Amino acid sequence: MPSRTSKSGLNNPDASLTIRKGGGLPLPYRPRKKFWRKLEPWLYLAPMLIAILFVFGYPLVSLIILSFQRRLSGVNTFVGLTNYKALFKDDVFLQAVKNNLMLVITVPIMVFIALILAVFLFERIRGWQLYRTTLFLPYLLPITVVGLIFSYIFQLSGVLNEFLNLIGLNFLALDWLGSTRYALPTLMFVIIWKEVGFGVVLFLARLMSVEEELFDAAKIDGANWWQLQWNITVPQLATVIEFFTVVSVITMLSWVFNYVFVMTGGGPGNSTMVTELFVYLMGFRYNQMNIASAVSVLLLLVTGFFIFLELRLRAGTSAAEVS
Amino acid sequence: MKKTFQFLSLLIVISLLAACATPTPPPPAATEAPAATEAPAATQAPAAAEPVKLVIWWWGEQEAPGAQKWMDETIAKFQEANPNVTIEAVLQSTDTLIPAFKSAAAAKEGPDIQYFWGGVWTLEDAWAGSLVPLEDLIPQDELKHYINNFERTWDGKQWGTGWYLSGNPMVFNPDLFTQAGLDPANPPKTWDELKDACTKLNGIGVTPIAGGLKDGWFGGWLFSILARQTHDTEKDFMAASVGEMKFTDPNFAEWWSRLNELKEAGCWNKDINSLDYQQGQDMFVQGKAAMIFGNDTFLKGWADTIGWDKMDVMMVPKYGTGKLADTYIVTAQGMGITSWSKYPKEAAAFLMFMHTPDRLNAWFQDTGVFPADDRFDTNLITQPIMKKIFGWDTSVAGANLENFIPSMLDEQSNFAGVQLLFAGDKTPEELAALAEEVIAKWREQNPDALKNFEIWAK
Chain V
1 MPSRTSKSGL NNPDASLTIR KGGGLPLPYR PRKKFWRKLE PWLYLAPMLI
51 AILFVFGYPL VSLIILSFQR RLSGVNTFVG LTNYKALFKD DVFLQAVKNN
101 LMLVITVPIM VFIALILAVF LFERIRGWQL YRTTLFLPYL LPITVVGLIF
151 SYIFQLSGVL NEFLNLIGLN FLALDWLGST RYALPTLMFV IIWKEVGFGV
201 VLFLARLMSV EEELFDAAKI DGANWWQLQW NITVPQLATV IEFFTVVSVI
251 TMLSWVFNYV FVMTGGGPGN STMVTELFVY LMGFRYNQMN IASAVSVLLL
301 LVTGFFIFLE LRLRAGTSAA EVS
Chain C
1 MKKTFQFLSL LIVISLLAAC ATPTPPPPAA TEAPAATEAP AATQAPAAAE
51 PVKLVIWWWG EQEAPGAQKW MDETIAKFQE ANPNVTIEAV LQSTDTLIPA
101 FKSAAAAKEG PDIQYFWGGV WTLEDAWAGS LVPLEDLIPQ DELKHYINNF
151 ERTWDGKQWG TGWYLSGNPM VFNPDLFTQA GLDPANPPKT WDELKDACTK
201 LNGIGVTPIA GGLKDGWFGG WLFSILARQT HDTEKDFMAA SVGEMKFTDP
251 NFAEWWSRLN ELKEAGCWNK DINSLDYQQG QDMFVQGKAA MIFGNDTFLK
301 GWADTIGWDK MDVMMVPKYG TGKLADTYIV TAQGMGITSW SKYPKEAAAF
351 LMFMHTPDRL NAWFQDTGVF PADDRFDTNL ITQPIMKKIF GWDTSVAGAN
401 LENFIPSMLD EQSNFAGVQL LFAGDKTPEE LAALAEEVIA KWREQNPDAL
451 KNFEIWAK
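From first to last, the protein sequence lines are chains V and C.
Using the working numbering, the letters of the first sequence correspond one by one to residues 1 to 323.
Using the working numbering, the letters of the second sequence correspond one by one to residues 1 to 458.
For the record, the hints were derived by calculation from the structure and aren't laboratory data.
Don't take every hint at face value.
[Said to hold, decoys possible] Short, incomplete list of chain V residues facing chain C, as computed with Cβ under 10 Å: (1) D175; (2) W176; (3) T180; (4) Q236; (5) T239; (6) T264; (7) P268; (8) S271; (9) F284; (10) N290.
Note that this is a predicted model, so its numbers are computed, not measured.
We put the CB at the ideal spot given by N, CA and C, even for glycine.
Produce the complete structure using the sequences and hints provided.
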């Protein structure tokens with residue numbers, strides 16, 4: 001940058017003649033224009049940013065504030081970490097956390113099922129397009145509808161048990177939703193049934209963009225089916241598997257309210273309680289908005305961590321691809 | 001990414017500083033009343049030049065079929081008498097009734113009139129500053145006619161009005177009783193007779209008593225129906241809620257054992273834990289069960305489906321000797337006026353209009369449910385079963401216990417506990433201990449509500 005005090009500085013009327021760029025016309029130094037250039041994109045973004053701050057930012061700040069307060073003598077009073085400490089002594093909350101973690105365990109199962117199905121569909125078996133549509137259809141259905149239908153199917157006297165009794169498998173006709181032992185696994189089944197289609201479509205789309213020459217070359221080299229999947233398919237799908245895994249984990253931690261509310265209400269005996277339902281009950285049934293806020297903040301931090309993880313993984317992958 | 005973290009950290013620091021800052025102003029104190037003016041006439045809103053819009057959020061069609069028709073007609077008549085007033089009534093679902101109001105209360109925006117179940121279901125919101133007391137809006141001469149006012153009285157003030165009565169008889173099918181060798185004219189009165197009836201009904205392949213626990217509500221009913229029998233007053237449960245007694249005391253804990261006895265005696269449908277409350281009730285109407293702990297608001301609807309001759313009612317068989325064991329559970333479902341309503345006088349005028357003789361009688365004729373007002377024309381009751389129930393309402397009425405304990409105790413102990421009992425996961429002793437744990441937790445987490453409960457319990 002030319003010095004202001006030198007002959008080539010701003011106050012020098014001949015300054016425009018001293019700066020040259022690439023042999024073309026000299027470019028005068030204009031710091032104000034540079035500033036506006038930098039500011040310009042933010043001005044275009046400002047309306048949306050203000051809207052987002054208002055819609056998300058204000059409630060978020062209120063939520064965090066509430067989580068450090070408790071109603072004493074009719075006034076919201078700062079109590080530090082009291083609400084958080086109370087949570088970790090609350091058996092129902094701890095059960096909810098445990099159940100969310102159990103649901104997270106279904107993610108590897110879901111990823112594996114989606115992967116296998118995508119691989120089979122990629123083999124272009126007859127009718128694969130119809131199968132793809134059929135597999136994706138549950139994902140499109142509203143969760144409430146799915147929950148209602150399965151809550152009827154899985155009743156002790158429901159369709160499933162009637163069928164099992166009919167074919168002589170009475171010992172399998174269990175109280176799927178009415179037993180504390182089976183209610184959560186039954187919920188897991190329904191969630192996997194509904195969510196796996198998304199993974200199938202993601203994996204299949206990625207597989208279809210993989211160069212066929214890779215598979216052809218491997219086959220020429222004598223690779224069997226398993227070796228093809230392990231050495232080509234899975235590495236090629238790595239980024240999509242990461243994405244689907246992280247999204248599914250976030251789903252299991254913070255997007256299962258509808259399933260639980262419709263199918264079991266958190267019962268029997270809190271055996272299917274999850275943190276979202278706990279927040280709802282605390283805030284909207286028991287008038288304990290402060291405790292509900294504390295749980296919401298914790299949930300935000302945990303899901304925020306996984307979102308951060310996904311963004312880091314994605315950034316790392318992009319950097320690797322560029323280099 | 002670094003900048004995102006910096007931004008989030010800054011947000012958290014700002015929030016922490018704000019949390020320590022000046023607290024938000026308190027809600028209106030419980031003992032303050034809104035500025036008093038002269039009481040409005042019974043059927044007309046105060047003359048107002050400005051147009052008035054009232055919003056009512058209500059529930060009740062689910063419990064008293066025909067309520068929607070009555071509400072539409074009542075609104076039309078009130079608007080005709082008060083041309084400057086328009087009323088928008090929104091029927092809530094059972095699942096949204098409470099959370100929708102809590103959201104409205106947090107925003108201080110929403111209905112002018114809100115439907116509430118009695119007791120704690122009204123008073124929790126009064127304590128939160130969401131309701132106004134009615135003494136200066138509805139004259140005492142009017143209020144004294146409303147039934148079960150005690151369910152909405154706290155700190156010497158009335159925080160809502162009753163609308164209709166909802167009671168819990170034990171309903172039975174006389175035909176199935178006869179088939180099982182039981183005498184429908186002499187239904188079970190004692191606990192042993194009830195268990196014996198279960199054995200006989202099982203013998204003819206009929207479910208003795210139907211229920212549905214999946215959505216939890218029926219667990220609360222069972223608490224109210226059975227736990228009362230070893231007590232003389234509902235105040236015992238309020239006392240246990242504030243720590244003056246314990247839910248592990250034998251007279252509080254016994255009902256769990258008695259419920260377990262019924263379970264062990266095969267009295268219940270095996271799928272009770274996988275059915276909703278309504279599905280459980282439907283089993284009786286479908287003739288699949290001989291008895292149900294019912295609701296007298298459903299009887300007219302059931303009669304329309306199966307006929308009055310297919311059912312009869314009895315008091316709940318007794319195991320206990322407390323005074324409450326001889327009472328008929330009845331509560332008054334009702335309404336309250338919100339503290340943010342711009343038109344409390346007009347809202348009060350509408351509530352009083354609901355209690356005019358024409359509207360009281362129309363309510364009974366449309367729904368078959370008794371209004372919560374002693375000016376109701378009892379000559380309209382012609383059906384013998386309803387006469388029997390009305391006799392219980394007026395001679396042996398007792399409080400619905402669910403209305404006198406914190407809602408958190410009801411759900412985390414009664415709802416969840418009854419499910420665990422039927423799942424075989426917990427013993428009666430463990431469930432009594434669970435109730436005591438839950439109420440101790442409630443006391444620790446709700447110091448303000450505890451204080452209000454202590455005042456109420458006196």
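Tested hints:
Residue-level restraint check for D175/V holds (minimum Cβ-Cβ distance to chain C is 6 Å; threshold 10 Å). Of the supplied interface hints, the one on W176/V holds, with its beta-carbon coming within about 7 Å of a beta-carbon of chain C, less than 10 Å. Residue-level restraint check for T180/V holds (minimum Cβ-Cβ distance to chain C is 5 Å; threshold 10 Å). A least Cβ separation of about 26 Å between Q236/V and chain C goes past the 10 Å threshold, and the interface hint is therefore violated.
A cut of 10 Å between beta carbons decides the hint on T239/V: the least distance to chain C is about 18 Å, and the hint is violated. Taken as an interface hint, T264/V checks out: its beta carbon lies about 7 Å from the nearest beta carbon of chain C, inside 10 Å. A distance limit of 10 Å between C-beta atoms decides the matter here; for P268/V the minimum to chain C is near 4 Å, and the interface restraint holds. Evaluation of the S271/V hint against chain C yields a held restraint, the C-beta minimum of about 8 Å falling below 10 Å.
With a cut of 10 Å, the hint placing F284/V at the interface with chain C holds, because the nearest CB-to-CB distance is about 4 Å. With its C-beta approaching chain C no nearer than about 9 Å, N290/V sits inside the 10 Å limit, and its interface hint holds.
In this structure, the earlier hints numbered 4 and 5 are contradicted, and the remaining ones agree with it.
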